[in-house]
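Here is what each chain is made of, one letter per residue.
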Amino acid sequence: MTETTHTVAFTTERLAKAKEIIARYPEGKQKSALLPLLHLAQEQYGWVSPEVMDYVAGLLTILPIEVYEVASFYTMFHLDPVGKHVIEYCRTGPCCLMGGEDVYGYLKTKLGIDTGETTADGKFTIKEVECLAACGWGPVFQVREKYYMNLTNDKIDEIIDELSKD
Amino acid sequence: MPVKILTEHINVPGIDTFEVYRKMGGYTAVEKALKKMTPDEIVEEVKKSGVRGRGGAGFPMGMKWSFLAKPEGVPRYLVCNADESEPGTFKDHYLMKNNPHLLIEGMIVSSFALGANKSFIYVRGELMYVIHILERAIEEAKAAGFLGKNILGTGYDLELVVQPGGGAYICGEETALLESLEGKRGNPRNKPPFPAVKGLYQCPTVVNNVESISNTPWIVNNGGEAYAALGVGRSTGTKLISVSGHVNKPGVYEIPLGITVEDFIYADEWCGGIRPGHHLKAVVAGGSSVPILPANLILTLANGDKRLMTYESLSDGGFATGTMLGSGGFIVMDETTCIVRNTLTFARFYHHESCGQCSPCREGTGWMDKVLDRIEHGKGNMRDIDLLVDVAKKIEGNTICPLGDAAAWPIAAAIRHFRHEFEWHVTHPLEATKPGAVYRGEMELV
Ligand SMILES: NC(=O)C1=CN([C@@H]2O[C@H](COP(=O)(O)OP(=O)(O)OC[C@H]3O[C@@H](n4cnc5c(N)ncnc54)[C@H](O)[C@@H]3O)[C@@H](O)[C@H]2O)C=CC1
Ligand SMILES: Cc1cc2nc3c(=O)[nH]c(=O)nc-3n(C[C@H](O)[C@H](O)[C@H](O)COP(=O)(O)O)c2cc1C
Ligand code: SF4
Ligand code: FES
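Respectively, the protein sequence lines represent chains A and B.
For the first sequence, numbering that gives the first Met the number 0 gives the first residue as 0, with consecutive numbering after it.
For the second sequence, numbering that gives the first Met the number 0 gives the first residue as 0, with consecutive numbering after it.
It is worth saying that the hints were derived from the structure and are not from the lab.
Beta carbons: idealized from backbone N, C-alpha and C, even for Gly.
Incorrect hints may appear among the rest.
[Said to hold, decoys possible] Here are the simulated DSBU-like pairs of lysine-lysine, each with C-alpha atoms no more than 35 Å apart in a straight line:
#  : chain 1 : residue 1 : chain 2 : residue 2
1  : B       : K393      : B       : K63
2  : B       : K433      : A       : K154
3  : B       : K22       : A       : K145
4  : A       : K18       : B       : K3
5  : B       : K248      : A       : K30
6  : B       : K69       : A       : K18
7  : A       : K30       : B       : K3
8  : A       : K16       : B       : K378
9  : B       : K3        : A       : K126
10 : B       : K369      : B       : K148
11 : A       : K18       : B       : K183
12 : A       : K28       : B       : K183
13 : B       : K248      : B       : K22
14 : B       : K148      : A       : K109
15 : B       : K22       : B       : K117
16 : B       : K433      : A       : K126
17 : B       : K35       : B       : K63
18 : A       : K109      : B       : K369
19 : B       : K393      : A       : K16
20 : B       : K433      : A       : K107
21 : A       : K107      : A       : K18
22 : A       : K28       : B       : K433
23 : A       : K145      : B       : K3
24 : A       : K28       : B       : K46
25 : B       : K69       : B       : K190
26 : B       : K96       : A       : K16
27 : A       : K30       : B       : K96
28 : B       : K148      : B       : K96
29 : A       : K126      : B       : K378
30 : B       : K63       : A       : K126
31 : A       : K28       : B       : K369
32 : B       : K96       : A       : K126
33 : A       : K109      : B       : K22
34 : B       : K96       : A       : K154
35 : B       : K183      : A       : K30
[As the list claims (entries may be wrong)] Under 10 Å between C-beta atoms, here's a sample of chain A residues computed to sit facing chain B:
#  : residue
36 : E65
37 : V69
38 : A70
39 : C130
40 : W136
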């Protein structure tokens with residue numbers, strides 16, 4: 000499960016990365032770094048809590064509300080704690096044509112949870128997302144940065160086994 | 000073998016590295032452009048090529064470039080649109096992950112032509128692994144002197160920034176993309192002013208699709224006329240088509256514009272036909288936003304001629320009997336497909352993705368989603384079908400950006416061509432709601 004921290008701060012490495020990102024934009028346009036920084040924060044904490052958003056606002060010298068309104072607009076940012084592995088499956092038409100609904104049904108049964116839920120051991124969360132730009136290689140889901148494509152029930156068994164190990 | 004402009008070397012092992020890309024003739028366009036051409040000469044070649052925007056709208060690229068405002072002392076920007084989120088479209092993903100240096104070379108040549116010293120590639124955040132591929136390629140190009148300060152000793156400076164999105168289809172719309180790049184919610188702006196006049200940070204900006212920009216190295220090397228010699232009429236060059244659905248070989252194909260739709264679907268060189276034992280029922284030819292066509296209409300024009308893979312031929316007949324090339328997301332459906340269900344997944348998509356700024360889109364997409372859900376689940380009535388058409392009409396043309404149209408058109412088209420399937424759901428609710436149920440009545444299959 001993702002830890003809730005009271006003192007939010009980027010690791011030294013991520014702070015250096017954040018500074019490098021902020022320097023990419025013209026002077027005074029540091030707000031452009033908001034999405035990259037939210038990704039960086041989510042990478043560290045698993046989700047973006049209000050404290051994390053306040054911290055990011057501080058780094059960019061913008062108002063916290065400017066961060067909240069952005070974080071809530073974009074679907075990739077988890078505003079609540081999630082499991083260790085978030086499985087985001089594409090529910091859009093072309094993936095369904097490729098057999099998506101059956102395969103995702105199997106996934107849900109296997110993990111014993113429905114979309115939006117987390118397993119009791121805190122290992123897996125399932126989320127539905129829209130088209131992931133991999134339609135011809137569907138059905139497809141994504142776990143963090145990795146795409147899993149041409150899914151079948153057997154492949155799902157393998158992937159879950161693999162992910163369960165860590 | 001047809002000419003391949005974008006994918007000729009895509010299967011060469013190591014093509015994603017600078018070394019191999021360079022060995023295959025890569026970055027020669029940068030040398031030629033920066034050392035032997037003026038920016039205006041490059042714009043002229045792009046104009047001559049007739050290449051049209053590959054993001055979907057098909058606006059002539061050279062013309063857009065020549066509209067770029069050039070006020071004294073104001074920076075200009077080039078922004079590459081790699082937000083690719085249109086259901087059925089995955090060509091830019093394919094191109095960037097396999098051949099990242101092609102896009103980077105295109106960005107250098109194009110930025111030089113437009114007078115930009117800082118350019119952005121906005122990639123949908125889900126493709127973080129592709130962002131890493133691009134960033135590594137940028138580092139390689141920089142180390143080789145093709146990016147950064149004083150490129151190849153010519154005095155031209157360019158910095159490339161790869162920007163991740165956050166998961167929002169609407170950020171593919173160019174003005175929403177610019178808002179997002181400024182660190183805001185992706186709410187589209189009113190056009191005009193077009194980005195070419197007021198874009199990123201209110202400065203003149205060109206937004207072009209990944210595939211559009213990836214064509215520019217070839218155009219610089221071979222000339223605009225050579226490009227224009229490929230294709231048919233105003234559909235010049237090649238086009239990447241992403242194919243999903245019930246064909247034998249889904250994937251991404253680079254086709255010369257002008258082959259017949261029939262060839263594209265059935266020839267072994269391309270999709271290799273419909274999967275064994277099945278028949279073609281319908282095609283969505285240009286991504287989820289374009290009208291669906293039944294088998295007979297996608298293959299043949301009203302006058303009996305074969306339909307071609309071109310902007311003009313695909314839109315022949317208007318919305319009555321035609322569709323659009325759009326982003327080239329070619330979704331193929333055989334007789335096992337329930338059109339109502341498929342239309343519902345699209346409606347749900349647009350409902351989910353509406354940014355909520357204009358009420359016809361915000362309310363209309365929700366309404367259509369709800370009514371379609373009712374019909375799909377056997378709880379609709381005949382009036383609901385006309386209601387859908389009515390709501391679609393009310394959205395069309397009444398919104399800030401074309402997402403509203405994109406939500407309305409596919410639903411209107413599905414009802415136009417497959418009305419009997421919607422009616423069957425109303426008249427046979429028990430049958431229609433069985434798992435995997437598909438209308439098997441009167442259908443023209445090929
Ligand atoms: N690739 C994808 O994932 C998706 C693609 N689309 C496509 O997007 C299309 C709609 O895109 P829009 O940008 O709204 O179309 P548009 O027709 O407004 O603009 C097309 C391009 O031409 C430029 N332009 C047009 N008139 C201009 C003028 N007078 N001066 C300067 N520049 C001008 C615009 O700035 C834009 O870059 C749809 O046709 C659809 O096919 C839609 C959704 C997703
Ligand atoms: C809702 C919506 C989503 C869009 N998504 C994309 C996209 O993902 N990629 C893209 O290149 N163009 C997309 N477009 C079109 C862009 O607004 C713009 O026309 C395009 O990036 C211009 O580049 P091009 O002229 O090279 O095609 C979208 C348009 C709309 C209305
Ligand atoms: S049409 Fe829809 S997506 Fe586009 S600006 Fe209006 S509400 Fe937003
Ligand atoms: S529809 Fe699933 S990746 Fe596009």
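Do the hints match the structure? See the list:
1. K393/B <-> K63/B: Given pair K393/B, K63/B holds - Cα atoms ~31 Å apart, limit 35 Å.
2. K433/B <-> K154/A: Answer holds: K433/B to K154/A is near 27 Å, not above 35 Å.
3. K22/B <-> K145/A: holds (30 Å)
4. K18/A <-> K3/B: Status violated; Cα separation ~42 Å.
5. K248/B <-> K30/A: Violated - the C-alpha atoms of K30/A and K248/B are around 44 Å apart, more than 35 Å.
6. K69/B <-> K18/A: Within the cut-off at roughly 32 Å; holds.
7. K30/A <-> K3/B: violated (41 Å)
8. K16/A <-> K378/B: violated (54 Å)
9. K3/B <-> K126/A: Violated, at roughly 39 Å.
10. K369/B <-> K148/B: violated (55 Å)
11. K18/A <-> K183/B: holds (19 Å)
12. K28/A <-> K183/B: OK: K28/A and K183/B at ~12 Å, within 35 Å.
13. K248/B <-> K22/B: Judged against 35 Å, a Cα distance of about 31 Å means the pair holds.
14. K148/B <-> K109/A: Distance ~54 Å between K148/B and K109/A Cα, so the pair is violated.
15. K22/B <-> K117/B: holds (27 Å)
16. K433/B <-> K126/A: At roughly 26 Å apart (the allowed maximum being 35 Å), K126/A and K433/B satisfy the hint.
17. K35/B <-> K63/B: holds (23 Å)
18. K109/A <-> K369/B: holds (30 Å)
19. K393/B <-> K16/A: The hint is violated at about 48 Å.
20. K433/B <-> K107/A: Holds. K433/B to K107/A sits at ~20 Å (cutoff 35 Å).
21. K107/A <-> K18/A: violated (41 Å)
22. K28/A <-> K433/B: violated (55 Å)
23. K145/A <-> K3/B: Satisfied, since the Cα-Cα distance of roughly 30 Å is no more than 35 Å.
24. K28/A <-> K46/B: holds (33 Å)
25. K69/B <-> K190/B: holds (19 Å)
26. K96/B <-> K16/A: holds (23 Å)
27. K30/A <-> K96/B: The hint holds at about 28 Å.
28. K148/B <-> K96/B: Measuring from Cα to Cα gives roughly 26 Å; hence the hint holds.
29. K126/A <-> K378/B: Holds: K126/A and K378/B sit about 27 Å apart, inside 35 Å.
30. K63/B <-> K126/A: Not satisfied, since the Cα-Cα distance of roughly 40 Å exceeds 35 Å.
31. K28/A <-> K369/B: Given that 35 Å is the threshold and the Cα spacing comes to 41 Å, the pair is violated.
32. K96/B <-> K126/A: holds (25 Å)
33. K109/A <-> K22/B: Distance ~49 Å between K109/A and K22/B Cα, so the pair is violated.
34. K96/B <-> K154/A: Holds, because 23 Å separates the two Cα atoms, which is no more than 35 Å.
35. K183/B <-> K30/A: Holds, at about 8 Å.
36. E65: holds (8 Å)
37. V69: This hint holds: V69/A lies near chain B, its Cβ roughly 6 Å from the closest one there, short of 10 Å.
38. A70: Status holds, d = 8 Å.
39. C130: The hint holds - C130/A has a Cβ within 10 Å of chain B, the shortest such distance being about 4 Å.
40. W136: Where the cut-off is 10 Å and the nearest Cβ of chain B is about 7 Å from W136/A, the hint holds.
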